[in-house]
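There are 2 protein chains.
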Amino acid sequence: MKMYILFFIFGNFFARKESVMNKRKDVLAKVTGRAVYANDIELPQMVYAKVVRSTVPNGIIRSIDSKEASRMPGVIRIITAEDIPGIPSLPRERPVLCPGRVRYIGDGVALVAAESLSAAEDAAEKVRVEYEELPALLDATKALEPDAPQVHETGNRIARYITRRGDAEKALAEAPHVISRSYTTPRVQHVCIETEAAVASYDPATGETLVRCPVNSPFPIRKVVAETLGCPLTDVRVVLTTIGASFGGKNYDIAMASARAALVSRLLGRPCKVVLNREESIVEGTKRHPLFADYKVGFDEEGRLLAMKIRLTLDGGAYTSKTFPVTSRMAIEASGPYRVPAIDTEAVSVYTNQVYSDALRGFGSPQVDFCSEMLIDEIAGYLGKDPIEVRKLNMLENGKPSAFGQIMEDVTLPECLEALEDAVDFPARRERIRQYNDTHQRSKKGLGISLLHRGESFGAAGQGIDTASGMVSIQADGSVSVCSSIAEVGQGGSTMVVQIVHEALGIPHEKIRYSGVDTTFLTDAGPTVATRGTVFSGGAIYRAADELRGKLIAYAEKYLHTREVEFKDNKIIAAGQPDNEVSLQQVIGDVFAASDHLNALGYYAAPPLEYDKSCGVGDAYLSYVYGAAAAEVTVDTRTGFVSVDEFFAVHDVGHAFDKAEAEGQIRGGVSMGVGYAVMEEVELHKGQIMNRNLDGYLIPTSLDMPKTTPIVLEIPGRHGPLGAKGLGEPATCAVAPAIVNAIADATGRRIRNLPANLEQVALGHSIKKR
Amino acid sequence: MKMYILFFIFGNFFARKESVMNKRKDVLAKVTGRAVYANDIELPQMVYAKVVRSTVPNGIIRSIDSKEASRMPGVIRIITAEDIPGIPSLPRERPVLCPGRVRYIGDGVALVAAESLSAAEDAAEKVRVEYEELPALLDATKALEPDAPQVHETGNRIARYITRRGDAEKALAEAPHVISRSYTTPRVQHVCIETEAAVASYDPATGETLVRCPVNSPFPIRKVVAETLGCPLTDVRVVLTTIGASFGGKNYDIAMASARAALVSRLLGRPCKVVLNREESIVEGTKRHPLFADYKVGFDEEGRLLAMKIRLTLDGGAYTSKTFPVTSRMAIEASGPYRVPAIDTEAVSVYTNQVYSDALRGFGSPQVDFCSEMLIDEIAGYLGKDPIEVRKLNMLENGKPSAFGQIMEDVTLPECLEALEDAVDFPARRERIRQYNDTHQRSKKGLGISLLHRGESFGAAGQGIDTASGMVSIQADGSVSVCSSIAEVGQGGSTMVVQIVHEALGIPHEKIRYSGVDTTFLTDAGPTVATRGTVFSGGAIYRAADELRGKLIAYAEKYLHTREVEFKDNKIIAAGQPDNEVSLQQVIGDVFAASDHLNALGYYAAPPLEYDKSCGVGDAYLSYVYGAAAAEVTVDTRTGFVSVDEFFAVHDVGHAFDKAEAEGQIRGGVSMGVGYAVMEEVELHKGQIMNRNLDGYLIPTSLDMPKTTPIVLEIPGRHGPLGAKGLGEPATCAVAPAIVNAIADATGRRIRNLPANLEQVALGHSIKKR
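Going down the list, the protein sequences come from chains P and C.
My numbering numbers the first residue of the first sequence as 12 and each following residue consecutively.
My numbering numbers the first residue of the second sequence as 12 and each following residue consecutively.
Be aware that a few hints might be false.
The list cannot tell twin chains apart, which means a pair is met if one copy fits it or any two copies do.
[Claimed, not checked] Result set (EDC-like, lysine to aspartate or glutamate): computed pairs, CA atoms no more than 16 Å apart in a straight line:
| # | residue 1 | residue 2 |
| --- | --- | --- |
| 1 | Lys234 | Asp488 |
| 2 | Lys137 | Asp150 |
| 3 | Lys320 | Asp178 |
| 4 | Lys569 | Glu180 |
| 5 | Lys562 | Glu164 |
| 6 | Lys234 | Asp529 |
| 7 | Lys697 | Glu79 |
| 8 | Lys579 | Glu291 |
| 9 | Lys307 | Asp150 |
| 10 | Lys153 | Asp305 |
| 11 | Lys455 | Glu657 |
| 12 | Lys562 | Asp607 |
| 13 | Lys78 | Glu290 |
| 14 | Lys41 | Asp214 |
| 15 | Lys624 | Glu521 |
| 16 | Lys562 | Asp436 |
| 17 | Lys455 | Asp647 |
| 18 | Lys396 | Glu313 |
| 19 | Lys624 | Asp557 |
| 20 | Lys234 | Glu143 |
Bear in mind the hints are in silico, worked out from the structure with no lab data behind them.
Use the sequences and the hints to build the structure in full.
Printed below as a string of structure tokens:
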């Protein structure tokens, strides 16, 4: 009984090239070099600004001596927090320029505005800042100790979320088996191919400041710029440039660049560009939250989970950004996609005097997914069971409560796991690996798996309002404009909304145009983060399209004598009567002839969730996505080099608007997961990032990529447009655990601290100090 | 019993400067030279295109020899109709480039694309076009004669509209007095300070063509460009640049410039600018329809109108543009704002091989207003009656039918005339004039008046769909975005919509931002012509604001315990309870906290009108505006020079969103009316315009302006937002008749052919041949 459609996508890119080019119009611009990035923009009279950054992790600014810098050729002005007409920073948040106190090495202290980028760079080095250094807090696990240095006056705790259901203490005491394990995940970065940039133009005639920048979330950035300038939101217009990837990083970091460019433009009355080079981007830019996790789990002989006690500490760095929803997500998802009758989870995020943490593809999930999937394999190993069987015994089931007490519906883990088993053929593969390992001494193969669940959007516990809006307008010739402030960050967001309109109205892709993002014209669709795009922004667009569909059906009734119809190929066809049809163009003409219109504003707000924040129990998210993954690795036991040979990733996307897109998302997710698994880590020493460029911070190249088999399931969900579910973040979440489980399978050595780098794999420990 | 508020606006500009600058943000950009006009745009790789125009009024293109032109330095390509991927022209409409046949001197034959404007100009002169000349039709009054040259294969008639009510023939036969008079009005032009220009950029990566141009009606222009390129409407994006006046002329003329620029850009893959110099603008650009009118009127001893027979011939020139609604308007309004029991009007517009006619401030009204106001003075003169008394006897009355059988409501002519009489003090002024004339031989003073009615928007008989839409979004900080595709053509359209939102929601002007026009993001609000802006686009914005007002009232109820409230100064205040209030910001915050939104899409469609097109009887327009004017002139009887000394203009605007704006509209209208009355006329000889620059085509300078007293009445109408009525076009309609009536009063010589230029005033006839 297969309720779903299963797609094995083995096609190669070139066979699909034409359809991809047709559907994804942004692709051609990118590959031909015609796409205009913020750094490509040059305007008459433009000035360039460079940031003078803090060189101490915690300190009070005693003086800023800009005399020498001011005298350098091409320098126009040195700007400090005092020059900001609005608010230099919110409490504990986003200092555009620090007013008096710095909190990490990289904090912005001054801006040098000059006639050229190099003049600004040269002068920025000559600005002398004198600090009174304060003791710095550099270890998140010590942040809440009584004598810890205080990063902010209000204490070091950012957020605390708990999930407490049943009596975990008692259940653990009574459990036949109990193990305790500690895991850590590293600080990693987005490594977008495009670094942060923004161009701002203040127009004194209209009072409007136009900011052109690549950004995930244009409306929040508009707010930061307006607060910095001290003006109404509508005096700031944010227009999106082409984005050279975001992965969650084109939020606060772009807000800083935008606010600084806008500030200079406002003060000097000239356009201003701020662009960061790679080192600046690494030193200043936000990172994924590092996690320090302690798990205690009780289980029976079969491996059935009985209780968990989980303590999570997140390093938020020097300022708050998306740390609240990231922390809440971890508190909810920490036990993995498994039923746990009794749970006691506490997730605490803290400030440290280090580069701060923000959204990064996965938004809290990759960290706890690593922990829970390690743990389930450790239980299997402890009991000598098959890790797949232990998972099947515990995984979420329809009608049964999750660890946090939500009665689950639409769980598709069984289908995901079945598809994975079909694709991987575990028995045969294990046999093949056994034979390989028997005949190889220095090179061992292993097979690992992981399961995945992930709440969509912000959820009941997190910050942020889960709403989105969008507009669809059918023109007189049957072409369509779609406006949404969902940002095309390379994830295919624009393709998705076009596809929604196509499927709802039967209008061909080439007649549907997705507008770029301009906050002047669009309504706020909320930020493009946390896999919100499909369900929320897509949902708003779908509602708008559906409203128009309803109107067209009403006008078509006089031709078809029924309202039971389908829309296809520019026609409206009576259901079950293939010859009873009317052209869409005819009906559109009738609508306009009746002085009616075909514009619809769609709005989507998440329905309220029954969730008790005091104990973290209830309906945490509206909906969940599921997946399963397997990795086969070969480990050089002498050097510790891990070759990820093959990767299988199953994702239930509900409804694939475009299979090639879904495949691309999965492949990209695997690539990021490989980096997270075996190589990436921002190395800090006394608050200073040591690997400040891509020579020291390694990410996977194409040669590091496994042979990847993306498996796209389409089991329609009940919330997203046409049943669609999110994929952007899930695609990366299940990767690292499958790989590290495979390494354990190959070497018999359990790695609990990401990344599983050479030292850990070869020696069992890292030579680096965290 | 004064139901209305009467404003005498005598203030000078400087006293109001600050408020004007605050409210009209476009003003500062214009006066400081910061406003960016289309011709100011320079893009990398831009090419410049010049049009090769027909030198014969009617002919078949035998050959286009571009060899020599092609070899000239900087020339990139010579483009003809054959190169157009879409449609070069619609039947009888707008030839972007003529495919084989030219129909007036100025018709576009080829485009020269070159690296510079001067290179394009030089080469355009070297393109040799060989024509087979055909007999040209140069006299509209002969267009329907059987042997007339045929401008189009389908015949020379463009449109015919009639108004036939009662038995006019019989009533004329039985009338005590009957007079017949013929009137003509000239071909005049818009004379915008900015000539036609457009910059187009085709992006091969996205398939989108961006057209930046100054245009009244962005969506119709988008259609012309899309048809020319043969692409969906949504592949063309029209973004409005600052407009240096339109007066109705920034429609077809800009469509031509835009389509040509887009064509070149599409063919060459480079941005292209088309800009016309003044001579080109005069030779090619559309004009006001010349009118040839024959009136036969029957009346009784008192001057009471009994019947009219009216025959109108409009010269539409070589192509159709807005000729349909202009012709229908004339058929309806030809008898003036007077009750006529029996009428037989026929208005016919015809093609000629001359520059074509389009909308020009007034849209058909100024022509027939001149005729009807001459006629009523002639009746008064014939009977020896006071022209004011004859008007009072006949003017439209509430509850009584108009000449075309509409039972009139909200007629404010009595109030307008009363206000005019109060301001002018006719008895005293006439006495003063009599004394002057008694003591001056070569210089005679005279006083003339006119009344005005004008149907708003397109009306029941005209072409075009009377709908508009707009969007209002309240942001989280209480600032507001207003989007409407109504074009700011200098009329204060943007100020109007901001004022509507301000009055509906009590939000200060500085927190309301009107977006510029970009067809990608906006919904079609229909063209900005025919005094549609206030009632239609304003109505759509008002509905959107009112929807938000309703939502805010609902959310405010928990604070105020009532839904009877007013919005003022960022507060919502319970009606009659000045202390029972809540801040708007509080309520806005509540809306967003409830995951609700404050975006509204407003739509306004004219209600259907009961109108019988077969006889032209019924409710011709939804609403009417009224006015009254008086002019005092001094005529040099020897030279014929007319000095318009003083002008009084009363207009009922229903609701003045800004009094300074209304005054400005009136003063501008008076200026155009003075030109129409005494100096302006495009002189044609064998189809060729003789006065091809502003040395030969004179328009009033500030020294020609009378001392003007604008009188703004505010008697709320029932259709426009907050009772507002249109003013843009009415402001110019009543001017010429009052002045020419004053000339007759001064000289005793009745001028029936506009303009009342030196020859006619001095000699009683024109030395020019029409």
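Numbers of the earlier hints that this structure fails to satisfy, in rising order: Result: hints 2, 4, 5, 7, 8, 9, 13, 15, 16, 19 and 20 break, sorted rising.
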